[in-house]
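> In case you want the letters, here they are:
Protein chains: 2
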Amino acid sequence: MKPVVSVLGAGNGGQALAGHLALKGYSVKLFEHPDFGEKVSVIESRGGIELRGNLKGFGKLEKTTTNAGEALAGADVVYVTAPSFAQKPIMDKAGPYIDEGMKVVFIPGNFGSLEAASWLNAGKKEGVLLGETNTLPYACRQIEPGIVDIWGVKTKVLMAALPSKRNEELIQTVKEMFPTDIVKMSNVLETSFSNLNMVLHCPTMILNTGRIESREAGFRFYTDGMTPSVCKISEITDEERISIGRALGLNLQPQTQWLKETYGLEGGNLFEVLQGSDVYGGHGVDAPKTMTHRYLTEDVPYLLVPVASFGRALGVPCPVIESIILLAGKINGKDYFSEGRTLERMGFPSTGIESIREKLLEGA
Amino acid sequence: MKPVVSVLGAGNGGQALAGHLALKGYSVKLFEHPDFGEKVSVIESRGGIELRGNLKGFGKLEKTTTNAGEALAGADVVYVTAPSFAQKPIMDKAGPYIDEGMKVVFIPGNFGSLEAASWLNAGKKEGVLLGETNTLPYACRQIEPGIVDIWGVKTKVLMAALPSKRNEELIQTVKEMFPTDIVKMSNVLETSFSNLNMVLHCPTMILNTGRIESREAGFRFYTDGMTPSVCKISEITDEERISIGRALGLNLQPQTQWLKETYGLEGGNLFEVLQGSDVYGGHGVDAPKTMTHRYLTEDVPYLLVPVASFGRALGVPCPVIESIILLAGKINGKDYFSEGRTLERMGFPSTGIESIREKLLEGA
Numbered sequence: 019m020k021p022v023v024s025v026l027g028a029g030n031g032g033q034a035l036a037g038h039l040a041l042k043g044y045s046v047k048l049f050e051h052p053d054f055g056e057k058v059s060v061i062e063s064r065g066g067i068e069l070r071g072n073l074k075g076f077g078k079l080e081k082t083t084t085n086a087g088e089a090l091a092g093a094d095v096v097y098v099t100a101p102s103f104a105q106k107p108i109m110d111k112a113g114p115y116i117d118e119g120m121k122v123v124f125i126p127g128n129f130g131s132l133e134a135a136s137w138l139n140a141g142k143k144e145g146v147l148l149g150e151t152n153t154l155p156y157a158c159r160q161i162e163p164g165i166v167d168i169w170g171v172k173t174k175v176l177m178a179a180l181p182s183k184r185n186e187e188l189i190q191t192v193k194e195m196f197p198t199d200i201v202k203m204s205n206v207l208e209t210s211f212s213n214l215n216m217v218l219h220c221p222t223m224i225l226n227t228g229r230i231e232s233r234e235a236g237f238r239f240y241t242d243g244m245t246p247s248v249c250k251i252s253e254i255t256d257e258e259r260i261s262i263g264r265a266l267g268l269n270l271q272p273q274t275q276w277l278k279e280t281y282g283l284e285g286g287n288l289f290e291v292l293q294g295s296d297v298y299g300g301h302g303v304d305a306p307k308t309m310t311h312r313y314l315t316e317d318v319p320y321l322l323v324p325v326a327s328f329g330r331a332l333g334v335p336c337p338v339i340e341s342i343i344l345l346a347g348k349i350n351g352k353d354y355f356s357e358g359r360t361l362e363r364m365g366f367p368s369t370g371i372e373s374i375r376e377k378l379l380e381g382a
Numbered sequence: 019m020k021p022v023v024s025v026l027g028a029g030n031g032g033q034a035l036a037g038h039l040a041l042k043g044y045s046v047k048l049f050e051h052p053d054f055g056e057k058v059s060v061i062e063s064r065g066g067i068e069l070r071g072n073l074k075g076f077g078k079l080e081k082t083t084t085n086a087g088e089a090l091a092g093a094d095v096v097y098v099t100a101p102s103f104a105q106k107p108i109m110d111k112a113g114p115y116i117d118e119g120m121k122v123v124f125i126p127g128n129f130g131s132l133e134a135a136s137w138l139n140a141g142k143k144e145g146v147l148l149g150e151t152n153t154l155p156y157a158c159r160q161i162e163p164g165i166v167d168i169w170g171v172k173t174k175v176l177m178a179a180l181p182s183k184r185n186e187e188l189i190q191t192v193k194e195m196f197p198t199d200i201v202k203m204s205n206v207l208e209t210s211f212s213n214l215n216m217v218l219h220c221p222t223m224i225l226n227t228g229r230i231e232s233r234e235a236g237f238r239f240y241t242d243g244m245t246p247s248v249c250k251i252s253e254i255t256d257e258e259r260i261s262i263g264r265a266l267g268l269n270l271q272p273q274t275q276w277l278k279e280t281y282g283l284e285g286g287n288l289f290e291v292l293q294g295s296d297v298y299g300g301h302g303v304d305a306p307k308t309m310t311h312r313y314l315t316e317d318v319p320y321l322l323v324p325v326a327s328f329g330r331a332l333g334v335p336c337p338v339i340e341s342i343i344l345l346a347g348k349i350n351g352k353d354y355f356s357e358g359r360t361l362e363r364m365g366f367p368s369t370g371i372e373s374i375r376e377k378l379l380e381g382a
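Top line first, the protein sequences correspond to chains A and B.
Mapping of the first sequence onto the numbering used here: residues 19 to 382, in sequence order.
Mapping of the second sequence onto the numbering used here: residues 19 to 382, in sequence order.
None of these hints come from the bench; they were simulated from the model.
Treat the hints loosely; a few may be bogus.
The list cannot tell twin chains apart, which means a pair is met if one copy fits it or any two copies do.
Straight-line distance between alpha carbons at most 25 Å, and here's what the computed SDA-like set of lysine to any residue pairs gives [as the list claims (entries may be wrong)]:
# : residue 1 : residue 2
1 : K352      : P246
2 : K307      : N287
3 : K307      : Q293
4 : K81       : N139
The structure presented is a predicted model; accordingly, all values stated were derived computationally and were not measured.
Produce the entire structure from the sequences given, and follow the hints as far as they go.
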């Protein structure tokens with residue numbers, strides 16, 4: 019029998035995933051936080067999600083609701099598709115209804131499973147199997163509530179479980195549901211460290227601050243915005259990410275290599291690779307128009323801060339990452355180092371490498 | 019009798035100063051490094067400097083030469099008008115001919131007198147009176163060698179001597195030569211800490227990296243480039259500068275207050291003040307087109323680095339300044355922290371506040 023699914027979070031990604039799984043014949047309930055009640059009513063009245071673009075069809079949902087108890091009743095697999103900053107508000111509502119037999123996968127994780135372990139632990143749900151991906155499998159955008167345009171489906175998604183000794187069990191359960199290949203990572207750190215948004219978005223935002231806030235016509239983020247010096251800083255950010263990952267025993271792919279392999283691009287450095295990319299350069303003026311965009315407000319506290327926190331704990335310097343975090347915080351009036359996803363928040367009170375590995379493997 | 023003057027450095031500022039002093043009846047010799055021999059020949063063949071714009075006339079020079087011995091023979095006052103990075107090459111040539119009775123003033127100083135004290139000390143010239151200003155008194159640009167357009171004359175120039183116990187003696191000697199009021203500072207740190215280029219230029223460059231390197235039409239640096247977030251970082255940079263200055267006992271004016279007083283502007287913060295400024299906004303597209311511009315290559319190693327060095331020595335944190343220095347260095351492939359004007363280079367092997375004060379007052 020097919021697993022019963024709950025999708026928590028009815029944004030672009032949640033609607034795409036819920037609609038697509040329903041279309042494939044799964045029983046799917048979609049939950050959204052009560053703050054977005056109006057959107058939920060519209061989707062519920064439609065009875066499901068219409069997919070357009072690269073995937074077409076109508077996925078009939080069992081229910082769309084702001085009631086977490088209703089959404090989670092009988093679920094085998096729970097996907098949390100909220101943006102990072104909404105993971106906790108969503109889990110605050112959902113936590114009481116998550117049973118120990120459920121598998122809860124954060125798409126993408128951004129280290130969310132580690133923090134969720136402590137939220138659930140407070141409710142003594144130690145047997146829950148958690149998991150993370152590095153990204154959403156779809157490139158998509160909601161046209162209106164209940165109608166989603168699927169621009170594309172990615173070639174692969176990285177995944178791991180917390181505890182990582184249950185990696186295989188998680189992937190076997192979910193692999194039929196995904197429209198992509200699932201690549202098994204060593205543990206949830208390897209998935210979240212592999213989210214390249216942190217190295218592509220954050221330095222580019224900071225080094226284009228004046229342009230983003232100017233009254234000009236806008237610019238193409240990944241090509242016009244990623245000039246030789248911007249790319250140089252992005253590359254150093256990437257080197258710091260990889261060297262911290264190495265200290266954690268993670269096997270991370272450099273961003274330039276990932277871009278080349280994923281999009282069949284060529285070039286000796288990041289700048290050359292991006293200049294030749296239709297994927298990144300071909301969709302016109304697309305840069306954020308404000309510094310409170312999620313490229314900073316999500317990617318700094320939920321990606322760069324946890325990475326830097328591991329760097330600090332393990333004595334691996336990451337001065338460029340620290341500078342980007344600091345400047346982003348000063349610009350947005352936030353202390354991202356303390357407000358972001360720190361080691362402590364991720365449940366690593368002890369920071370020795372052995373205790374970190376033990377927690378990833380065993381989940382406690 | 020009027021003092022005999024040598025001007026070392028025949029760039030925009032050196033030509034303006036030499037020409038203007040000659041026009042006022044001083045005996046002036048102009049020196050330039052042999053690397054710029056061709057320019058020197060042109061000026062020498064003209065016999066002097068033609069001033070245009072706000073100051074008009076022909077200043078007949080005694081000599082324009084690449085021979086430091088000729089340039090310095092008989093000089094009472096020596097002005098060093100080279101950019102910071104050229105101060106040492108110029109002083110390497112001039113040092114052997116600087117006699118103990120001479121007064122040597124760096125315009126602007128950018129902490130150059132402190133470093134010069136150790137260069138001269140190597141030649142055992144302990145009695146030389148050194149000095150610094152915070153800025154050149156003229157806003158000017160060479161039209162061609164020997165012809166300088168004077169856009170404007172500033173309302174005041176800050177000055178101090180090294181040792182500072184001879185402040186009054188220095189200012190009495192030079193005040194008739196200056197087209198501006200001279201404001202006596204406590205010591206040479208107070209003049210160089212007052213050079214606002216570091217807070218106006220450096221953060222604005224870094225936060226406009228993508229725009230500076232883009233293929234667009236360019237932008238107005240001080241208005242289009244100084245958006246609300248850029249101004250916020252500039253203001254924090256300024257607060258850090260002032261707090262390090264306070265630890266050194268310096269009385270520094272905040273940049274926004276200085277802008278308001280100097281240009282009669284209004285506004286509650288830097289952004290508002292700059293938006294209303296014709297001085298800064300009125301001369302069209304003026305932003306640098308490369309990150310190797312002196313706004314970084316001079317202002318980071320010769321202004322921000324010495325300020326941060328004092329911050330480190332005195333335990334006053336300056337995380338935004340440190341971030342700007344770091345990113346500028348990574349962009350330009352330099353380690354500005356070690357290549358710049360550090361405490362050690364400025365002759366402060368001991369970094370206690372008392373030893374710093376003693377050196378400023380006594381000069382050794």
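> Against this structure, judge whether each hint is valid.
We went through each hint and held it up to the structure:
In this homomeric assembly, K352 and P246 come within 25 Å of each other (Cα to Cα) only across copies, at 16 Å, whereas the closest approach inside a single copy is 29 Å. For the homomeric pair K307 and N287, the shortest alpha-carbon distance between copies (22 Å) is at most 25 Å, but the shortest distance inside one copy (27 Å) is not. Taking identical chains as interchangeable, the C-alpha atoms of K307 and Q293 lie at most 25 Å apart whether they share a chain (22 Å) or sit on different chains (20 Å). Taking CA atoms no more than 25 Å apart as the test, K81 paired with N139 passes in neither setting, with 28 Å inside one copy and 84 Å between copies.
Taken one by one, the earlier hints fail for this structure only at number 4.
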